[in-house]
Amino acid sequence: MSVPRILIVSHGHPDFSLGGAEIAAQAHWAELRRRGIEAMLVSRVSHSPGHAGAIFFARSPDGFDVLFCPPPVNHFRHSQPQGRVVYEEFRALLDRFGPTVVHFQHYAFVGLEFIREARKYSSSVPIIVTLHEFLAICNAKGQMLKTNGLLCQRAAPFDCHMCFPDISSQDFFMRELFIKSFFDLVDLFVCPSEFLRDRYVAWGLPRQKMVVLENGQPRRHPDVVEGTSDPDGLETRFVVLGQLSHLKGTLVLLDAVRLLPKRLRKTIRIEIHGTTQYAADEFKLQFEKALNELQDTVSFCGPYRSGDVGGIVRNSGWVIVPSTWWENSPLVIQEAFAAGRPVICSNVGGMAEKVTHGVNGIHFRVNSAGDLAARIEECAGNPALWKKLRSGLPAPPTIDQTVDQLLALYHRRSALATSAEQARQDQQNPSLLIQPIVATQ
Amino acid sequence: MTRSPLPDLTTTRADDVTTPDVQAPEDSLGLCRVDFAQIVGKKFLVYGWVLGFTKLVDRALISLGEIELDLVKQAIPVRRPDVAQHFSLEASKDEHGFYALIDLPSKILTDRLKLSVNLFSGESAESIWPVSCDPRQGLTIGPYATTLRELLPQLPRGEAKRLVEFAKPALGPQAEAEYLAGLPPPVRFEVDLCCVLENQILIVWGWLLDPMKELASVQFRLGGSVFDVLQDSAWVARPDLNHDPTLFRKQDPAWIPGFIFAQTIPQQDLDADEASFSVAVGTEVTHVSRPVIQIALDARRELLSLLSRVDPDAALTLSERIGTLLENCPQPRSVAALLELIRDNAVQRLATSIQHANPRYALHVDQTTLVTGKGVFLVGWFNADPTDLRVVCHCGSSKFVVSDNWVRYSRLDVSSHLASVGIMVRDHDHGYTCYVPLSDGDSPYYLSVVSGSGEVCRMRVKIPEHQSTQQKVRALVNPFDSGKGDLRTLMKHHIGPAVGAVWAARQRPRQTPEVRSYGAPPTNPTVSILVPLYGRHDFAEYQMALFADDPEFQRAELIYVVDDPQIINEFYARCADLYGIYQVPFVVAYPGSNLGYAGANNCGAEVARGRYLLLMNSDVMPTRKGWLGDLVRAYSSLPTPGLLGVKLLFEDGSIQHAGMAFRRLPAWDNLWINHHPLKGQSPAGLRGVQQVPAVTAACALIEAELYRQLGGFCEDYIIGDFEDSDLCLRASSAGRPSYVALDIELYHLERQSQNQLGDVQFRTNVTVYNCLLHNGRWADLIENMSAGKA
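Protein chains in written order, with this note's numbering: chain A, 1 to 441; chain B, 1 to 790.
Here chain A stands alone, though its shape is the one from the complex (with noise of 0.2 Å):
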């Protein structure tokens, strides 16, 4: 591959909205800087400072660390309906910089005909897309979590009307199609977990396209203080971490505090660390009213930066993560290794590819409050447990191993793209296709 030039789409930035894709997007970006290569990061932002139609605005002065704000999207096939945005300005964007990779952290909020006009500004110029949740496959937020509270195991026109009647079949299916038809498009999709990577080839993505790649863990700041000892007593306590909400099972876990011994209740405590801004009013309700009642056990610690995660979850000796969806590759379990701490989690998804039961974490089982209460009970004041399950703790990916792996797979896809353009330019060829009719006059 000749000069590598690197394009990655992003859906937000990390300074303005605080999701794994995004803080993804950017460590990997920043990693491809670090080193040197060309890499160019345009996030979107939902704000636009004006510039008189521009949806390009610079983040940076070198114009590698670019904010955009397109349209509003077609939630339903997250589809760009200002096709101009896409042909003319995105388009002038990527003449312009001539990436030799493009690669969408998302698509979502940006619109999936930036990936046609990607492959529209060169046939042979490799795409990938990062899969972060169901999206695609799931309209319920891509969580797979059917609207009447039950878990999703597979998609189908039927099954996702059953879930939003109000939309019939026909139209789920014309989605799947449409999205479909961009996904064809793309030569490489990146799973972080095994799981999401099974849940896309089950619903038709080609194997041979799907890779799974953990979103590796980005640089410390300077500023986290590493490899302090740890204080006596840590297996008493615990912690949760993460946007807070009833998919995260925050009342899950609280529920499961009211059911413990009142003893025990006295001996351990336990952090929330998170914001509720995006949870439902009635989740903001019953979270403060827990939050009351159990005062002597929970502290509820607001919100926290990035760069925070290590020493928090160091001042804790578990991470509980009670998510009641499938959950992808929660961010939060790689926190938790990476700061020597094991976690306990719902038993579904990708939280029990990451965690395994009994080597490097516990499970539990989805939503049940009772199981988690017994669980706690069985970790607290368990030494000797905790100790077992900290030396199972694998250790996560870097940013560099990330950006490597990347990188070869960068370079790998360039030369298949080089022949699988031949192989287009074939099926093009007229005389395959339609015979020239003899004339019978």
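Errors might be hidden in some of the hints.
What the hints assert, rightly or not - These stretches of chain A come out as covered by chain B in the derived footprint (C-beta under 8 Å, 3 or more residues):
{"no.": "1", "region": "84 to 90"}
{"no.": "2", "region": "154 to 162"}
{"no.": "3", "region": "181 to 188"}
As the list claims (entries may be wrong) - Here are the in silico distance ranges between beta carbons for each label pair:
{"no.": "4", "chain 1": "A", "residue 1": "V201", "chain 2": "B", "residue 2": "G592", "range": "45 to 53 Å"}
{"no.": "5", "chain 1": "A", "residue 1": "T275", "chain 2": "B", "residue 2": "S517", "range": "50 to 58 Å"}
{"no.": "6", "chain 1": "B", "residue 1": "Q566", "chain 2": "A", "residue 2": "G19", "range": "35 to 43 Å"}
{"no.": "7", "chain 1": "B", "residue 1": "P521", "chain 2": "A", "residue 2": "D400", "range": "32 to 40 Å"}
If you are wondering where the hints come from, they were derived from the structure by calculation, not from laboratory data. Where a beta carbon is used, it is the ideal one built from N, C-alpha and C, also for glycine.
Position chain B against the provided structure of chain A, taking the given hints into account.
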């Protein structure tokens, strides 16, 4: 002299004196009185009163010696307002008086009579009254002369004459002149207007009263011609007349005194300016002259003025008569114009329903749909006691007997309504549906109910404000219940012609469609793909996302026909982006109005340049690339194909279509309906190209030349349905059968049309209409095809 306890009414008059030597009896109970009685020769004259003579009296006998006279039978009841007033009774309630001039069977000499009265109530009374009987003196009614003179108008003409004859000496010589010269009431005859319209139609408008049925004839002469009024007139009620009901002895239930005489008159009589009427009562003939307005302008003016004062029914009777008169001759313009004027004026004043009391009947129109230029479609209800009534619809000079043609149906709500006002019904079929194939420019429509006796009652038919084709079709198709009744009759005579005419008349300006091209149009395209868009246009985007990577679409002519003015602007706004993103060249054809499925395709075909036409629905999505080429190859491998369809799948992968067949539907009178065998089943194992009776045009290939030769899709089906099988059968008839290519699969995301057409009943009825139309054309061919198979 004993002062009489009875009111001695006669002494209120100065010149009347009671016979001095007759005493008024004491035991007469105040019920009766004989004012005077006289015998002259063999004639007996008596005048008196009995309270309630006509209502309360069962028998009243006068005994003169041995002769008994039955007053009830032989006397004439006369009004005695003086009696009524004395007893404070309403004058019009009864005629208490009696009068008789009786020829006695034999001479008798007596000076008294006995009056025996028996009431219905059982009471009875007898009284003795004096009789003046002097063979020498002859008639001595001198004192009663005034009374008798005033009595004359109340008597039937024959009787009046007898009295006059009898009393001539007393009444004086002028009596004859006075009373016999003019026609004495109660027979009355009046002419309101006598004129000649437009120099050819003689009109006499008048009225006559003949409660005793004494009239023998009424004729008149004009110039050299004689006409008979009684025989040749139409009779109308005259509510405008201020009549005195007490003139009538009997209550005549249908008092129709007005007559309208209309006749064409021979040229030579045009100059006569006076008509002389001869009214014959018994053997008496009275002559009356009336002027005739001959000048057309004056005649017209007078007539119109008269008609504006009379009730509309009478005016319309006149216009109908004139219409009938000129039925077989061409109507001169002036007459036609005048009739139109009369009709329009009169119809406007008619009520919009009829409630008739005696005989009881009611006619209502619930819904009217105008089939412009062809007729009117009526839905309503009619209920009547008599069974011999006819309902007729008029328009201009034409009429149509609705009651011979209508289809009745059940109206339980009307039965309830009638029950609530105390009318019990025999059955519930009060409703009617009828298509009236009459039309005459702007002439209004009216309905008339004609009774066996000839009485006519009319009502106006309200035509609704301008309705769109869709509204009309809905109004026409909705009322009929496909589950009941004789579907085929209803269809053939009523719904069919009406809907057919409305649908055919719909606005379809044959304008060239607006055509816009996006991307470079392919030169010499092999295939033109016609995709009609209606309601949703996002289907185009979904299709294009799937056509984008199929190289064959760079060379096909993709035509979207936007058959919906409501979405065209939105779609146009999207088109530039669709091409910008997907780079599939396409054409948008916009006909300017909603043409319907058939019309939209025919419009697209006019624009198409390809050798083949691919008819494609907007909700059909390909499963792979390269299918179009495969389809064309399959078509050209067949000997004489008409339409070549494909296998279509639902979104769950089950079969939506693998060829169409026909079967009979018992629920719809065994009509042939289209169906897709294997619909919903697994598509596995279906291979190759097979000949089938028909295919769906949701995705079908046809040679463009053949399509045009066949005339494209038939546009007679309403809204959309059966057009594809119709086209297939037309092609089959021309030796070009249908095939289905089972190796070629596409998705057809067919769904229930979500209330785009409204309620289920309407949609069902539309389908039944189309089905009947389809069967009308193709039942035989389908029958043969099915028989051939078996």
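Against the structure, the hints:
Counting residues of the region 84 to 90 of chain A whose beta carbon lies closer than 8 Å to any beta carbon of chain B gives 4, which meets the minimum of three for the stated coverage. Check on the region 154 to 162 of chain A: 3 of its residues sit with their Cβ under 8 Å from a Cβ of chain B, so the three-residue criterion for coverage holds. Coverage of a stretch by a chain is defined here by at least three residues with a beta carbon nearer than 8 Å to that chain's beta carbons; for the region 181 to 188 of chain A and chain B the count is 4, and the condition holds. Judged by the Cβ atoms, the range 45 to 53 Å given for V201 (chain A) and G592 (chain B) holds: they are separated by roughly 50 Å.
At roughly 53 Å, the beta carbons of T275 (chain A) and S517 (chain B) sit within the given window of 50 to 58 Å. As the Cβ distance of Q566 (chain B) to G19 (chain A) is approximately 41 Å, the hint placing it in 35 to 43 Å holds. One distance hint, 32 to 40 Å for the beta-carbon pair P521 (chain B) and D400 (chain A), is violated here, with the actual separation near 54 Å.
Of the numbered hints given earlier, the model fails hint 7 alone.
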